[in-house]
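In order, the protein sequences belong to chains A and B. Residues in the first sequence are numbered consecutively from 1, following our numbering. Residues in the second sequence are numbered consecutively from 1001, following our numbering.
Treat the hints as calculated values from the structure; they're not laboratory data. Keep in mind that the hints are not guaranteed to be accurate.
Negatives, chain A to chain B, calculated, CB over 12 Å [what the hints assert, rightly or not]:
no., residue
1, L11
2, Q43
3, A45
4, A115
5, L166
6, I197
Rough simulated footprint, nothing fancy, chain A against chain B, three-plus residues with beta-carbon under 8 Å [claimed, not checked]:
no., region
7, 1133–1139
8, 1161–1172
For each residue, glycine too, the CB sits at the ideal point set by N, CA and C.
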Amino acid sequence: MKALLLRDIQLAMRAGGGFGLALAFYLVLVVLVPFGLGSAPAQLASVAAGILWIGVLLACLLSLDRLFQLDFEDGALDHLALAPMPLAGVVLAKAAAHWVTTALPLIVVAPLLGALLNLPTGGYFWLVVSLAVGSPSLSIIGAFGAALCVGLKRGSLLLSLLVLPLYVPTLIFGMEVVRRGITGQETAAPLALLAAISLGCIAILPFAAAQALRANLR
Amino acid sequence: MSIWTYANPQKFMGLTGKVLPVLVVLTAVSLFVGLGWGFFLTPEDARQGATVKIIFLHVPAALMAINAWLMMLVASLIWLIRRHPVSALCAKAAAPVGAVLTLVALITGAIWGKPMWGTYWVWDPRLTSFLILFLFYLGYMALWSALEDRETASDLTSITCLVGTVFAVLSRYAVKFWDQGLHQGTSVPVATGGRTISDVFFYPLVLSMLGFGLLFVTLVLIRARTAIRAERLGALLRREGGGNA
């Protein structure tokens, strides 16, 4: 499982462009926001946290369709399915690699982009915390969606239709943490619920994704 | 003689062929009487005027929109556990009906909301969760239509339905956390028994609910029968035409 994780991380770093793409997308999205909403600092401050969260959702989505696709096409996935480790473990390792190569860089740059959007001072800490706690669920839900769509020729559009509605609870609680953090309210309750969603997803979805992969490999 | 007898497509077709005409008549009568009574024979509400009568479409449609998803959940579970193709085809047949009912509930709600709340749409928990339910229906149907092999499609959509159910419930409560509601509470709370709607409206409403329920069952049966016939046709074509099918 560790070997698979390292292999996926290395592949993502080396196979040109894949690694930085989500970051570049995130930056472009943030640059577009002032053109759409106007550059008044107060106005930007009121939407900054929401834009940064939604940007992470979309940037995560961007790299999902490759999660199983390449391995499916060259047959490596068949080997992984036969390997002496549970397929759910494969899913978990791949989701973890996705999180390390996609979500983690996004979390690191989010505060910098927050400065561009004039995020209120109290928001930086809670933005990073909520992203760090919530983003594992984004990767694992995305892995489930990618497992469903792996056999499809035009899977990526369908993938977004299937995955984005599943991101709703994560987004709601993630934003609630940031909103309360900015106004100085107590954030323990939404943070605990956000962590519960992430942990629940990690516990259950790998099995659902493994079933979907098996149906697709049959 | 158990219910699983009817998992055999042949038996299913035989039974539904006999039941369907009766169901059609019952649906037509209960909808005609329920809606006719509701629209023309009930008084206008003291504050809402004639707009109150949209309840006879809105509430039954919303009720069946949720129950349609539950029925799909049960059918998906039966497919995953016992692998009866009729069950998977029934789930497939129910999805578009449920999606349309969700849309009916949303649109009638919007039409009612404009004069009453002063706006077609607010991001109220109930409205928002219904919109999310509609998105789930769309994703489910898109997945069915994207996959060619029926068995794979049945598997994948069933798994989607299970996971979707968990997330639909999760979203429902997450959305409640997110915003306070404008939508009034239920008029017919089943759990507590006390109701906040007068008898004048209550009886035609129950009849409309019954009518919508029967309508749903009828439509699902018709669509499932069509799907089974399409399966048979496909099998025949494959046998006769070789590669052309």
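Results of checking the hints against the structure:
1. L11: holds (26 Å)
2. Q43: holds (20 Å)
3. A45: holds (20 Å)
4. A115: holds (27 Å)
5. L166: violated (5 Å)
6. I197: violated (7 Å)
7. 1133–1139: holds (count 4)
8. 1161–1172: holds (count 7)
Taken one by one, the earlier hints fail for this structure at numbers 5, 6, listed in ascending order.
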